[in-house]
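Residue numbers (my numbering), protein chains in the order written: chain A, 48 to 443; chain B, 150 to 537.
Just so you know, these hints were derived from the structure itself, not from any lab. Even for Gly, the Cβ is constructed at its ideal location relative to N, Cα and C. Certain hints may be false.
If you only want the chain A side, here are some residues facing chain B, beta carbon under 7 Å, derived [claimed, not checked]:
#, residue
1, Gly271
2, Tyr273
3, Met302
4, Val400
5, Ala404
No more than 25 Å apart at the CA atoms, straight line, and that leaves these computed lysine to any residue pairs for SDA-like [as the list claims (entries may be wrong)]:
#, chain 1, residue 1, chain 2, residue 2
6, B, Lys465, B, Leu400
7, B, Lys525, A, Cys223
8, B, Lys525, A, Gln298
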Amino acid sequence: MNDDKRTILVRYDEIGLKGRNRKYFEKALLKNIKRALPSDSAIEYRIPRGRILIDLSSEIAEKYGDCLQNIPGIASYSIGVSIDPDFDQMAELGIQWIEPLLIGKDQLNFCVRTRRSEKTFPKTSTEINFEVGSRIMSKLGPKGLNVDIKNSDFTLEIEIGENEILIFHNREPGLCGLPVGSSGNILCMLSGGIDSPVAAYLMACRGCRVHFVFFDNQPFLGRGGYEKVKKLAKIINGYQGRAKLFVVPFQDIQMSIRDHCKEENRIVLYRRMMYRIADKIAKDQEMPGLVTGESLGQVASQTLENLAAVTCVTTMNILRPLIGMNKESIIKLARKIGTYDVSVEPQPDCCSVFMPANPSTRGKIHLLEYDEKKIPLEQLEEEALKNMETMKVDFL
Amino acid sequence: MIYLDNAATTFLDPEINSSLQGYMQDNFANSGAVYEIGLDAKKKIDDATESIRDSLGIPNSHSFVYTSGGTEANNLFIKGFCFPDKKVACLGLEHPSITETLRSFKEFNNEPLFLLNYFKEGKLDYSCSSILKERKIKLLCLSYVNNELGTIIDPVSLMKHLEQEAPQTRLFLDGVQVIGKIKVDKKMWSSLAGLSLSAHKFHGPKGIGLLIYDSRLVLNPQMHGGKQQSGLRAGTLPVPLILALADSIKLAVTTQKETQIRFQELQNYLLKGLNKLTKPILINSALDDSQSAGIVNFSFPPIEGEVMLHHLEKEKIYVGMGSACSAHSKEPSKILTGIGLTDEQARCSLRVSFSRTNTVAELEKFLHAFSNTYEKLLPTFSKKTVYR
């Protein structure tokens, strides 16, 4: 056993279920892990079957482990010690970890669990549990240690691999899902509110690299919304990396719709323009899907009819991961991923001059199309795309 | 950049900035420490206090508590003096650090009195003294200069009236828009219960304010944890900021006369300029002596103040407003609706506020940009929606 060395054992989530594509997913996850961990030539990565192992010094193991908590595709990880196939050594390490926990306590329940992927090892998992467990009990039993497989306070885990044995006592949960990049690139319509960042996060956890588009109201509203969206994009990008943020000037489109179209249709018309522009950006960037934070019935523009009225302007996949969630669950998730505090900063997302008094909840597509004939739709769209700003979120 | 939002905050005067850097470097000692450098720091605070006393003509009957700014000073005095059951009143047009503090008393069954009905033609109607007497109001809180409109009250005549008609009512003034901007009537101190001020409103640093209060009144501390400042506000004193506050007050008072002349010139130019635009502009600020020349508030419906503000911002012209046009915050300014403006007039307003360094040339540029933006936005804001 080398005291200065640690091995982080990374367990996959759904990659384990993949058949012949498994290598592809493993490669994507390894790439994401390497990107997320600070670069260090002394770190070594290995992929034995079903696991990623990261060898590094004990000083940095915990800090680097923390970084793994934000990488989609990881089910859990443990920081372990590589050890010789010697039960005395294994027990000694167990005693070293358990003994301090007994101070000031009458009793402590523990168990040993072994996973043996190398079947040529001369003992079975149950035998190993017994060998190590009994050695620990002989030393610490008199001090109050008990064996309890169902309700243990401390679990000593042993993994018998092909070339090495790892021993550890911690399992930190990961984000689960699929590794970012394995499902491709998508474009999220980010508003600055609570919902769309959560939708983006959920899609990142399904293996998408999420890029962002923001429709900017300046100078009708101040730069606050723009700055807020940059902050939100940065937070979500922390889970994936390499995202782009497209900022589309939208005020001329809004003014045109406001001045020429029916008041009650305004919001759906704005959204149809947003979808059209997002569709164009996504196609240009070879992103085969759009993601939005819409949740059925949450606001007037998110009724079934209005969702249909915006969806029909594009041939893209529209992904709405929040569609069946209630606001409370969305807020809970927003707090967990760290976007909530930014989302609730008081920045308006639409100037009241553009808001209708009574927005339509059931937009009729033929009437919306009739309204759109009153504005130079293509010209406005082209102009907005021409003046679009593109940013790499990694460098914000 | 043209900065015309000096009621919100002012730039740090270069001279003050330079002395503040020195104070930061040289005065690190804790003024509560008993060794030499601590005592030196304490002495410097005492000197600063004396300097402020001299600059503003404050008598020895009044004590000082240094705070983080005007909001804290208002909270400290009102809560410290009145909480939980002394009756309090205000107009309802004051800064939220007064109105919200008063409203917070409600949950202790101490209903505050709002005197908005006694605010007529931009002035407080002194007949309010009868209700102050009837309701046994112990403290009347007012803005010396209103932060959105610039309306000035006359504390000396008001207190004289109160002494006769409602002698149990003492007057507390929010004075953050006062120092260096209008002439402070030194006669007011003898009867005044308290006054708050904040350095960043007159070219001093942010993070330092002052409560000046009649030391015969008993205040309860709002911050516990030390014996500093007579136990009224625990916490180590920010020596460099206090010294810079004293310098800023001295500078503001010394330059007050010339500042006021400059304000007058700017106010006249702006009002004439707005008038010449021949647009339906409504001047919300008063046009007589009861008005600080440093603040001009006006409405220009149907264009939203916030939209105008952001368009001017694009030209690097910064003005203020008291309302927000947003999907989230549709509430118009309570101060403006309080003086009788409609919600639309209140939403469609801006506040221009001057500093002593603003120029007529800057206002000319502002008027030009305002006029152009107005023309540009008018079709969008006018109610005529074109349907075909």
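Hint numbers not upheld by this structure, sorted from lowest to highest: 1, 2, 5, 6, 7
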